[in-house]
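Protein chains: 2
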Amino acid sequence: MRFTIQRDKLINGVSNVMKAISARTVIPILTGMKIEVKNHGVTLTGSDSDISIEYYIPIEEDGIVHVENIEEGTIILQAKYFPDIVRKLPESTVDIVVDDQLNVRITSGKAEFNLNGQSAEEYPQLPKVQTENSFELPIDLLKSMIKQTVFAVSTMETRPILTGVNLKLVDNSLSFTATDSHRLARREIPVSNAPIEISQIVVPGKSLNELNKILGDSEETVEISVTNNQILFRTKHLNFLSRLLDGNYPETSRLIPEQSKTKIQLKTKELLGTIDRASLLAKEERNNVVKFNAPGNSMIEISSNSPEVGNVVEEITADQMEGEDVKISFSSKYMIDALKAIEYDEVQIEFTGAMRPFIIRPVGDDSILQLILPVRTY
Amino acid sequence: MRFTIQRDKLINGVSNVMKAISARTVIPILTGMKIEVKNHGVTLTGSDSDISIEYYIPIEEDGIVHVENIEEGTIILQAKYFPDIVRKLPESTVDIVVDDQLNVRITSGKAEFNLNGQSAEEYPQLPKVQTENSFELPIDLLKSMIKQTVFAVSTMETRPILTGVNLKLVDNSLSFTATDSHRLARREIPVSNAPIEISQIVVPGKSLNELNKILGDSEETVEISVTNNQILFRTKHLNFLSRLLDGNYPETSRLIPEQSKTKIQLKTKELLGTIDRASLLAKEERNNVVKFNAPGNSMIEISSNSPEVGNVVEEITADQMEGEDVKISFSSKYMIDALKAIEYDEVQIEFTGAMRPFIIRPVGDDSILQLILPVRTY
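Those protein sequence lines, which keep their order, are chains A and B.
Counted from 1, the first sequence has number 13 at position 13 by our numbering; the numbering is strictly sequential.
Counted from 1, the second sequence has number 192 at position 192 by our numbering; the numbering is strictly sequential.
Simulated from the structure, these hints should not be mistaken for laboratory data.
Identical copies look the same in the list; a pair holds intra-copy or inter-copy alike.
Under the rule of at most 16 Å between Cα atoms (straight-line distance), these lysine to aspartate or glutamate pairs were calculated in the EDC-like manner:
| # | residue 1 | residue 2 |
| --- | --- | --- |
| 1 | Lys-267 | Asp-345 |
| 2 | Lys-110 | Glu-315 |
| 3 | Lys-143 | Glu-219 |
| 4 | Lys-147 | Glu-188 |
| 5 | Lys-110 | Glu-301 |
| 6 | Lys-263 | Asp-319 |
| 7 | Lys-267 | Glu-350 |
Could you build the full structure based on these sequences and the hints that come with them?
Set out below in structure tokens:
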């Protein structure tokens, strides 16, 4: 096996694939990176058995040659050393040669590394996902859907199903829903002419976080296909495969109040700053509680009290307010997360009582919904 | 006590003073920050009893008003909360009022924080250092002297004196020396007309690291004064006070070989890159050893071998070489530290034998000296 490759292309591919490789895996061969050289290009693979990532570098793209001197073959390299080596090599091209004894020679300029490779036969076969039944999304829209929901997944393993994001594609509408049972985040978009339906799958939050990091901001599309226990995200160079979570996701739609008693419109950034300040005095308490008091006029008082340290109070003016007075307390962390996920200048908060969940939406966009359960303090 | 201050000035002062405040101090009052308001300005103080930092904000500077509405007084505020509060306040000015019960009200725009202050009477008095016997240095020169030596202090508490940098001012020459007994770093500069002599003091490496972080790159000068057990660095706004280490610093001058058998000149960056690559395969071993083989011509071979992983070898061309052949092994970490500290394009390495310490200096500047003890492998 042999190939000569542009170092920047290799660095980029390696850093993507490394996102799936863990030093703490139970299958020793998975601490390695698979390199498969074919006449048409080089494929790098990493996997921790939950997530698998394949990155493809074609020999040529837009008339620019990336890979040369190809002799086909496959090898597994220790992922602990390979990325640093590639990153620190002195020249812009790298030559990699593997002999019959699996000795790997990496050269660039006058630097020469000789590493012990492992046979690719021991590397597990990645499941093949049927890609005929798939649908497409713009990459930036997928990233936005992930960012608006994934923060709300549970971090507790007591209900494993809640550590994932619930994905549905029904009636040409795609939705992502996440909840840790104290708050809920949902984003829904129309998908025209979707060739498949997905009644109910749950993708691990960790997988979506990694996917979000790997996908660049781009207007290209990603192709999504699903089997019983795997989901595949495919772009031009990347195959990102994640296992799905087993079990039934709770029915969340009935949690969402259909009517409200109070509607308040506020500037997102102003509210975010005020909540952030109100949360400062109780750093240790995990979900520092703030009080939100809207006594009917448009002045809203946000306050918090930490007996040992002191208190904080701030007034903020609503752009609009209709309905009953509200006095309610909630986790500042949940509110900050929700407001950061809403990429609009103005939000509407809908309350149905001091002990009922309340809803935050951007003004003029019903596709994003953030729900928070209040805390009893008043 | 009361004052109104420009928030950016306060943020800057607070972040400097915080460098001296530790949450883990044995004296509880030292977890707080002292704020002293006088008619001429505001002084912030932090201390962990090893290092003390005073930062002064005058009421006016270059015609710009920083502080207004002054009622003199002093208060101690919990340093755990105060910096975040100041940083996140909404407006560009901050008003701080303290009442007779030590309640502190911090307001900015519509945000109001009420904190419990502590009486300044409990705060320890900082030692007064006599500043008449002092000398001056440009700040950037002091920073450069610190950076070129402090990395070589010992991190082991077995010989506490070696955790500091030895400072001498004798015969109008100022020197900084640090050694952990495996390597040594020294920088010497002429100081014309120094009004004092300092025969031998040792400043904790930690103090110099903090000082280096706080001092901005500036052509202003810093005034340095020393007493038996304290050193004071004073700039326009800053008093930085550190305790000195007790004990006798070892005589290091006789460690430095006076003659050499081999002299090799190399490009600093090229050598650094090569050593860095040669160190990649033995990440865990703390001072990964590399071999340096100069067989008489100007080709030098740098190599390293980690039986489990593989080996690396690279050739580098010397710009000049005179004297005997050299085969020597040393810690790549020490070499990388030394080369990074030398801010010149070309270095000269002087060897006196495979088991004798060798010296690295910039070509054409004798004021910087780096010494490394080799490791026996050949």
